[in-house]
Structures are given as structure tokens and as C-alpha cells.
Amino acid sequence: MRHNKKFNHLGRKKAHRDALLSNMTISLIMHKRIFTTLAKAKALRIFAEPIINRAKEDSTANRRLVFSYLQDKKAVTELFTEVAQKIADRPGGYTRILKTGNRLGDNAKTCFIELVDYNENMLKAKTEKKQTRTRRSRKSSKPAAEAPVAEAPVAETPAAE
288 MRHNKKFNHL GRKKAHRDAL LSNMTISLIM HKRIFTTLAK AKALRIFAEP
338 IINRAKEDST ANRRLVFSYL QDKKAVTELF TEVAQKIADR PGGYTRILKT
388 GNRLGDNAKT CFIELVDYNE NMLKAKTEKK QTRTRRSRKS SKPAAEAPVA
438 EAPVAETPAA E
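Quick note: to get my numbering, add 287 to the position in the sequence shown (first position is 1).
Take the hints with a grain of salt, since some may be wrong.
Dumping the calculated DSBU-like pairs for lysine-lysine here, alpha-carbon to alpha-carbon at most 30 Å [unchecked claim]: (1) 361 - 300; (2) 319 - 293; (3) 411 - 426.
Note that these hints are calculated values from the structure, not bench results.
Turn these sequences into a full structure, and let the hints guide you.
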């Protein structure tokens, strides 16, 4: 029975799974967006969000803890300098998963996972909202009394000559 075992094993042993998630987290931090399968992206979000959350407070203990998971000095430096500035005021939800369809070879569900504050298109759309127009009906808003009445055809009377 699988009671209280919530994470996806991804068909790998623990060491292989940890290495996979660590490498994917490094790629996510360095490139800000990676393309992968939906199952791996969901597992990566659970793995990476606490690590990204540690970067809010730049201390030696947090740097060592993050380095113990990632084992990459460049990624740790990038995380604590650039990424930490963008996520400083965000209370959580540092990643976004967008589905892209199914893969051609094996029909696996694919997506890309990205850091939320680095998508320029969505940030631009959020700041520049169009003014919404109210829909108006085609009916005249004038009362019926003011509306022009069609003239009745006047019968011609023979003119008296």
C-alpha cells in the first residue's frame, strides 16, 4: 500500500531521481524556462520551490543548504543574486507550468516550466491592459414619441380646374 507517499517516483531509484531533479533545477535557474514532460515538471515544482524560497534570505546557512541540493556554484550565485531580487516580495508560487500538447513519438504530455517573474510577455500584458468597451445595443435609446413617424401616403385628389 502507498499510504502517505505523495511524490512521483518517475520510474527511477532515489539517487537517479535526486540527480534528475537537481539538474533540472539548475537548468531552470540558469535558463529561466525549460521544456519537459508534465510529470517531470510537477515533480520539479515540488523540488525547486523550497530551494527558491531559501534564496529570499541571503545567509551562509541558506547558501550551504541550497548548494547541498544543487552542487553547482554558478547556479547558487545566480539564484541568490538575480532571482532573489525578483522574488523578494512574492509569497510563493515562483514557477508556472504551461502545457504544450503531446510529444510526437510517445504521445507524452509536454509542457514548459518557467520562473514567473521572467516571462516578459505576461508581465507586459499585465501592465498594459486595454480599456474595455461596454457593449451597446443597436436599438434606439430615444422614446417612441420622439422617434420620427413614417408619413402615410397621401392619396392624390383630382385638382379642381
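Hints, verified against the model:
For the proposed pair residue 361 and residue 300, the alpha carbon gap of about 27 Å is at most 30 Å, so the pair holds. With a C-alpha separation of about 27 Å, the suggested pairing of residue 319 with residue 293 holds against the 30 Å cut-off. Taken as a hint, the residue 411 and residue 426 pair is broken in the structure, with Cα atoms around 38 Å apart against an allowance of 30 Å.
The structure is inconsistent with hint 3 alone, although it conforms to all the rest.
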